[in-house]
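Same order as they appear, the protein sequences are chains A and B.
Note that the numbering used here numbers the first sequence so that position 123 is 123, with each residue one more than the last.
Note that the numbering used here numbers the second sequence so that position 46 is 1046, with each residue one more than the last.
Everything labelled a hint here was simulated from the structure, so no lab data went into it.
For each residue, glycine too, the CB sits at the ideal point set by N, CA and C.
Treat the hints with care, as some may be off.
To be verified - To be clear about the criterion: a stretch of chain B counts as covered by chain A if any three or more of its residues have a C-beta under 8 Å from a C-beta of chain A, and this derived list gives those stretches: (1) 1037 to 1043; (2) 1074 to 1087; (3) 1127 to 1136; (4) 1202 to 1210; (5) 1229 to 1236; (6) 1253 to 1262.
There are 2 protein chains.
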Amino acid sequence: MTSELSFIAALRRIAMHPAARGLADDAAVLSLGGEALVLTHDVLVEGVHYLASQDPADVAWKLVATNMSDLAAKGAEPIGVLLGYTLQRDDDERFLAGLAEALAHYRAPLLGGDTVSGAPAQVLGLTAIGRATYRPVPSRSGARIGDALYVSGPLGAAMLGYEALRDGAGDTLAYRRPRALLGEGRALAPLVSAMMDVSDGLLLDAARLAHASDVTLAIESSTVPITTPEPRRYEALRWGDDYQLLFTAPASAALPVKAHRIGEVLAPGPAPLLLDGAPLSEADGLGYEHR
Amino acid sequence: MTSELSFIAALRRIAMHPAARGLADDAAVLSLGGEALVLTHDVLVEGVHYLASQDPADVAWKLVATNMSDLAAKGAEPIGVLLGYTLQRDDDERFLAGLAEALAHYRAPLLGGDTVSGAPAQVLGLTAIGRATYRPVPSRSGARIGDALYVSGPLGAAMLGYEALRDGAGDTLAYRRPRALLGEGRALAPLVSAMMDVSDGLLLDAARLAHASDVTLAIESSTVPITTPEPRRYEALRWGDDYQLLFTAPASAALPVKAHRIGEVLAPGPAPLLLDGAPLSEADGLGYEHR
Chain A
1 MTSELSFIAA
11 LRRIAMHPAA
21 RGLADDAAVL
31 SLGGEALVLT
41 HDVLVEGVHY
51 LASQDPADVA
61 WKLVATNMSD
71 LAAKGAEPIG
81 VLLGYTLQRD
91 DDERFLAGLA
101 EALAHYRAPL
111 LGGDTVSGAP
121 AQVLGLTAIG
131 RATYRPVPSR
141 SGARIGDALY
151 VSGPLGAAML
161 GYEALRDGAG
171 DTLAYRRPRA
181 LLGEGRALAP
191 LVSAMMDVSD
201 GLLLDAARLA
211 HASDVTLAIE
221 SSTVPITTPE
231 PRRYEALRWG
241 DDYQLLFTAP
251 ASAALPVKAH
261 RIGEVLAPGP
271 APLLLDGAPL
281 SEADGLGYEH
291 R
Chain B
1001 MTSELSFIAA
1011 LRRIAMHPAA
1021 RGLADDAAVL
1031 SLGGEALVLT
1041 HDVLVEGVHY
1051 LASQDPADVA
1061 WKLVATNMSD
1071 LAAKGAEPIG
1081 VLLGYTLQRD
1091 DDERFLAGLA
1101 EALAHYRAPL
1111 LGGDTVSGAP
1121 AQVLGLTAIG
1131 RATYRPVPSR
1141 SGARIGDALY
1151 VSGPLGAAML
1161 GYEALRDGAG
1171 DTLAYRRPRA
1181 LLGEGRALAP
1191 LVSAMMDVSD
1201 GLLLDAARLA
1211 HASDVTLAIE
1221 SSTVPITTPE
1231 PRRYEALRWG
1241 DDYQLLFTAP
1251 ASAALPVKAH
1261 RIGEVLAPGP
1271 APLLLDGAPL
1281 SEADGLGYEH
1291 R
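Chain A extracted, bound-state conformation:
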């Protein structure tokens, strides 16, 4: 089996277009007719990204939210989505209900797609198309040495929600119905130097931003807002699915939305991250690796 990383590396070699950043991570940005179009495609697999026992309405919501979060990180507003749907379950109606709810919430119309039967497990694909509201469109690669590092809100809520769902007790909402921060992304786009959404865990995603920008990010763990009890702080920094925005901006910038300063941008060192002064790299298991 080809590993995902080598497959993506090979894909990148055939992707000659400068917009081809969007392979398994960043959204693609295309100039068209005086607009900048933002394109993202996410796939969720039953049994891998969600359990067959989950409410399909929640799965549909998450499918939409993950893509909307990619648009949020680009300061884009949704134009619409295309759905790839494998029919096979008795509860397609629940999926439709969640899809309708999510699309209405994000004001993202369904433009088209394809439905197929016969797949042995459900595989859901969603393409989201957005229009950038500010250019240059924020990317992961623009962090400047001396900038401050921010996160838009607390981490760990999705982790607690997942555990509540697993255990059948407690508040599951944050895990089941994540919110993509489209408004915040649009407000931040004009002043950030780099931005991305935290989908795979703060540390892992911060390392990606550091690599893309060729910098080291110094994070002070105690300044990261969390919703978990304090003893679980480091777990919260490694859990994904919260869809907060992670961004860098000049330390002097007046932010238009509430955000938490969690660190600073340093010249590139031996590791992409310094957590409380200690070097950390992907080998340290920073978060949820894409499967």
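Dock chain B against the given chain A, drawing on the hints supplied.
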């Protein structure tokens, strides 16, 4: 299990956008910044749309070609594609080779996408984005009574290619490497009243065009060009995968590309099709129904 048709009908109810024609059939058309964007998404499932034993390079080619053919029917030129890919096979490299070849052939860069592991069968999704070269963008719904009906080239080659592949003897190319007629679509766009690609069989797709345009299409079977021996004419009219263009235009129009006049557009009658004068409807099994 929800049937595909009822699922699509339900999807259409939540798809409030006027561009939402593209559910399992037509591509979506969106106006953006003075351009018309054409968007299409097709899904291929291993064991349903192709066999696990097929060369993945051919599967990749077909995945690209089916989407490019949707663009061709809109007179659009490709801007790029997004890929949803389930990693799991030992021959991902072959897939990549075919993908690179097809994308180079159609000058459609890979813009992004998502790769995932762990799916029990391969499910491939491709979103193609194109730019309309002529507006109004051709649709299925514009056929006018009195127009002539045309097909761009012969049918049946894919059927023979499939049989050759199945039997291990003969020319398999037309089935393995279908050609999307992008150049022909662009040349025809300014003068057609309705256009679509023949992906599910001439009769079935013609019935769809008839429904969309609220007309009846009279087809003279002997005038349809086929590559099969004469006794298999009616099979050729029901087989898909040839990706020829089916279109209507004023009978007086001088066509910029070679095409075959196969019938005419009549006022709507009791059936969407008249084949050699006999009414035919979908109940007669017109071709390859989407699965």
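Hints, verified against the model:
Three residues within the 8 Å Cβ limit are the bar, and the region 1037 to 1043 of chain B against chain A gives 6, so the coverage statement holds. Counting residues of the region 1074 to 1087 of chain B whose beta-carbon sits less than 8 Å from any beta-carbon of chain A gives 8, enough to reach three: the coverage restraint holds. Coverage of the region 1127 to 1136 of chain B by chain A holds [criterion: at least 3 residues with CB-CB distance below 8 Å; count 3]. For the region 1202 to 1210 of chain B, the proposed coverage by chain A is not satisfied: 0 residues have a C-beta within less than 8 Å of a C-beta in that chain, short of the threshold of three.
A stretch counts as covered by a chain when three or more of its residues have a beta carbon under 8 Å from one of that chain; for the region 1229 to 1236 of chain B and chain A the count is 0, and the coverage is violated. With 0 residues having a Cβ less than 8 Å from any Cβ of chain A, the region 1253 to 1262 of chain B misses the three-residue criterion, and the hint is violated.
The structure does not agree with the numbered hints 4, 5, 6 stated previously, though it agrees with the rest.
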